[in-house]
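Q: Residue numbers (the UniProt record's numbering), protein chains in the order written: chain A, 1 to 340; chain B, 1 to 340; chain C, 1 to 340; chain D, 1 to 340.
Mixed in with the good hints, there may be bad ones.
Which copy is meant is left open, so a pair is good if it fits within one copy or across any two.
Said to hold, decoys possible - No more than 25 Å apart at the CA atoms, straight line, and that leaves these computed lysine to aspartate or glutamate pairs for DMTMM-like: (1) Lys99 with Asp59; (2) Lys149 with Asp317; (3) Lys149 with Asp162; (4) Lys141 with Glu281; (5) Lys141 with Asp162.
For the record, the hints were derived by calculation from the structure and aren't laboratory data.
Read off the chains here:
Protein chains: 4
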Amino acid sequence: MSSPTLKVGIVGLGRLGQRHAINLAQRVPNAEVVAACSPVPAELDWAASTLGIATGYADYDALLAHPGLDAVFLVTPTSLHADQIIAALRAGKHVFCEKPLSLDLADCLKVEAEAARHPQLTVMIGFVRRFDASYHDAQQKIAQGLIGKPYLVRSQTCDQNDPSGAFMRFAPTSGGIFLDCSVHDIDLARWLLGNPVPKRVYASGTNAIHTGLQAFGDVDNGLATVEFADGSMASFMASRTMAHGHETLTEVFGTGGRLAVGSNPRLNRVEISDAHGVRNECTPDFYARFADAFLIEAQEFTDAALGRRTLSLTLHDATEATRIGLAMTQAMREARPVAF
Amino acid sequence: MSSPTLKVGIVGLGRLGQRHAINLAQRVPNAEVVAACSPVPAELDWAASTLGIATGYADYDALLAHPGLDAVFLVTPTSLHADQIIAALRAGKHVFCEKPLSLDLADCLKVEAEAARHPQLTVMIGFVRRFDASYHDAQQKIAQGLIGKPYLVRSQTCDQNDPSGAFMRFAPTSGGIFLDCSVHDIDLARWLLGNPVPKRVYASGTNAIHTGLQAFGDVDNGLATVEFADGSMASFMASRTMAHGHETLTEVFGTGGRLAVGSNPRLNRVEISDAHGVRNECTPDFYARFADAFLIEAQEFTDAALGRRTLSLTLHDATEATRIGLAMTQAMREARPVAF
Amino acid sequence: MSSPTLKVGIVGLGRLGQRHAINLAQRVPNAEVVAACSPVPAELDWAASTLGIATGYADYDALLAHPGLDAVFLVTPTSLHADQIIAALRAGKHVFCEKPLSLDLADCLKVEAEAARHPQLTVMIGFVRRFDASYHDAQQKIAQGLIGKPYLVRSQTCDQNDPSGAFMRFAPTSGGIFLDCSVHDIDLARWLLGNPVPKRVYASGTNAIHTGLQAFGDVDNGLATVEFADGSMASFMASRTMAHGHETLTEVFGTGGRLAVGSNPRLNRVEISDAHGVRNECTPDFYARFADAFLIEAQEFTDAALGRRTLSLTLHDATEATRIGLAMTQAMREARPVAF
Amino acid sequence: MSSPTLKVGIVGLGRLGQRHAINLAQRVPNAEVVAACSPVPAELDWAASTLGIATGYADYDALLAHPGLDAVFLVTPTSLHADQIIAALRAGKHVFCEKPLSLDLADCLKVEAEAARHPQLTVMIGFVRRFDASYHDAQQKIAQGLIGKPYLVRSQTCDQNDPSGAFMRFAPTSGGIFLDCSVHDIDLARWLLGNPVPKRVYASGTNAIHTGLQAFGDVDNGLATVEFADGSMASFMASRTMAHGHETLTEVFGTGGRLAVGSNPRLNRVEISDAHGVRNECTPDFYARFADAFLIEAQEFTDAALGRRTLSLTLHDATEATRIGLAMTQAMREARPVAF
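Build out the structure end to end from the sequences listed, making use of the hints.
A: See below:
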């Protein structure tokens, strides 16, 4: 095909980075991965041998200087996001960056300010659930008035328990369960409620299994309530201790009905009837649940960067998600409501 | 209360007979169990001590002569049904009799003829599913036109496997799986399709586990198709080898939609999410599934016998169920369609 | 039967009172309704003509003096509960009383104190959900360790919207949505978590449809979080604005799994497949959902009063439910956590 | 990437042909569509403008002579399949061909014979359901013994009703509902039961809405039973008159449990609770249900043709599906069992 392609540099090739790389290299028709960047040589080898990405950089600035590069895909530690985005923008590159934008509100605002200086560049934070077919359908139905005026979102991100507690090593830098997990739910709630302004949050949590989290002011199960200025509300749950799998569930209550997305985290269409009853297996992790959405997300970023469509989500949405997530974390730690 | 009560004699106090007796004695306000009849002295003792039924008879004719008796409830072996019904009618008693009416078509017709001579007496064969709230709701919805014109019923009666094979001792007298189990589905199909006239049946079966049934010309899994004269159809399955519980499922396909009754044989409203997935437990047997319907059935019989309502089902319905069940059995044994 | 019966006086014959009366009169074998009490003559007439309860009293003290009376069933306005229970106890009667015990904590404690003086008398507050077969099953499974250690209950009572807003006339005396509706969920959470001690509650709410509730400090949708001293938590939702029906849903999260009771408020076992998709109808109100539980509850009260069993729930449970409900109400009105 | 690619010619660019072309051109990494063949110039234009397939042929033989062509993808009328496959094989090309292989058993055998002369060439008939993740999972579970020994498959292909009756124009050439729709179910049953040998079939049908089909000996609703030599059985339903959407459902009953694939044809993970009850929307057509499977199928064909894997299904499987489908059609038309 002679249509233009977006020349992308993938930055960060951990587990999720590899999946993004595969999508961009093989399944997004107008994207081409021209270079990879990672401090880990084995990851660059993987990119070369598996996806034919010949050029690998250990250094991010070197990647930005790659000839003909149009865009970067940042799948890096959150603490690097703000600086890497700003550097890319200054180098004239479109930027996709995994969520959350940052754990620091000032950094979020700095990124917003820099992006405002480059209106021709696409910047997208990967709130992947917005690209899931079911969430998209729900949002469309709400926009069409199917459930009247939405006034309450209840949303949860519940991970399957990892008895090894491997996630504990991210505890010092994850920002806590609300910024790590609930940030998705916060973004969904804002999106599905029509971007209301937050007024007050309250949160609490407990450590049901991984008591070691307490040392980091973190919990393995958290609850939070957000009240918005227009009277709408959101209720969140985040957990790392599910026995049955990863369960992302979002309900939107409206004056004329309710939509639920994900009320049974079924793995597929198989139903088993045996001595355990009638049952279905569950999605083991977020990637099993959102694999298709990651592809659609990459496609939409590519199309937006190529000027073929506008994005529905903004950098400010990412800032708001961090702002609310930080307030929830504070509310839990101080056992008091936090007002905005 | 001063309203009249129906004085009932319960005949047969096996497991199902005891349940009928409890319903009549304790939960049907206008029924009173004044006597019991059983050849087993222990069963009469149970009736006396548990339900306060003071009078017990070993002999059926003696029961019929019990002073003031209004009605009998026959929960006896199928081979006795026809004679017992006829004797009760001749004694001027209302009759409830468990399904099937008989395994012999001539006997069915004899009972119909006798009943016609006693139009003031209520005779009811216990097609209990007609009294289940869900089946009743489905029938009402069809009558209201919710699914347009119904043209196909698919119905199954699938029992949980009993590894002990205890049911094998009924094999010589049960009439086979179609008369024992499918007779309910046949009755439902006729009811829900508006009593169409059968034209042709075909059936087949296999012994998946209980190969000993072969000696009786019986199977532990059977399939049958019935074509009716008006173009409507029915497809039946009967099984004795389910791992998960008792599953009665009936679907009615209409030109404007489909109704399903029982698509998951859930035991209750509890859902378990654990290492087995998301699951619900199942009804273990027909009584767990239809306990409420047995009570409604007894109530409706009582009300009909007291002249407060008319019955929706007739003796002829029971004859038709036997007629079709016999044809299905013949079709399976001869591996050919049987026409009516 | 010669076994002893409990001679009951039914007090209050509104809609729910009538249902209790029918259960006691017709379906609880060992109960006998010997008298009724109501200030409304038509209600006493109904009791006489429908249930044959010949004796009716306008005056509660007169009822308590009814010869041979063993017990009272109080289905009266909440504001009368405490005094009526105390009077009955002093008259030597067993007492069943509808929930909530009282909206006033001091009154709850007074009732507890009086009851302690009559240990031979049964006093039961009608937390009907404990008698529902599904909740009972869930509680048994937890006790057996099926889900490990339970650490979080999420429970909701959501009523179908009544566009007429008829419930508004109860707003001045209902105590608010948390005491009217969530009191059930509070009791369930305590029961299913093993009676933890409450530490702190937070609550918030909104008026999505019935803005007139604001005048009473009430809301039509409320959210609350309870933290217990042992680290366990509860999250509640109450609503009066569901479009699809009455939905009572309770989830219990444990370290080894989760139980959900009522995740789809299906009316029955009928599933409809038509232009609206695949669907089931819903229970319209709490009585449709809990009709069986009301009967089991009446049976258990009767058996306990007759000395045949002990009760699993205590007056103190009812006091605790009021205590927590009051704190939730206060937290919402003052927008701050309330500590115990 | 330097890995070899399969140079494919797409033949037939109707609706399904276009979807195959998009998959091959954009989403199968190792496939390249180098030429298209269609008698319709507008279809070749579409291939050029949308997918950049520069070379288009009106003539199939010309396509086969395209330089460097490795494989053909036949999405053509069934009546052409046999000759086109044979021509491709003689030209040394790998062949993918849509189902059914042929409506003529002799043609099936001719194709099998020709393929046997070219063992180095991959020939695959598109029984797409084998490549669906859920069916694949079910098959794996059966192979692992999860449900014991499978003895009965019940499977259905039910299309949403098209009130326009557009499908009627295919009636003269479709081979009837069993060869057009049930051929998938037949293939699934053989696969999931371990390729049993058919012994006898019976079938019947009715025209619930599209009575015009009668003129072609066809029906809009069909039922069929297949008995296999090893005692296992299959029961099929095919329909063109569903109100709610396309529903493909397959159940496998084993001595230790049952698997169901597709028991609710849910469109996605959205659940709506409103005045219609609790509901989900449904897949409108087979492509909405099996879009992912079509991609996996194309990937597996490509990998097989490139020598990277072997196929799990054979040409003989396709012959067997036609053989059984023809017998079912005959059984229905002659109202008698057809033995093999």
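Q: Compare the structure with each hint and give your call.
A: So, going through the hints one by one against the coordinates:
1. Lys99 with Asp59: For lysine 99 and aspartate 59, only the intra-copy Cα distance (22 Å) is at most 25 Å; the inter-copy one is 52 Å.
2. Lys149 with Asp317: within (21 Å within a copy, 38 Å between copies)
3. Lys149 with Asp162: For lysine 149 and aspartate 162, only the inter-copy Cα distance (17 Å) is at most 25 Å; the intra-copy one is 39 Å.
4. Lys141 with Glu281: between (28 Å within a copy, 12 Å between copies)
5. Lys141 with Asp162: between (36 Å within a copy, 24 Å between copies)
Of the numbered hints given earlier, the model fails none.
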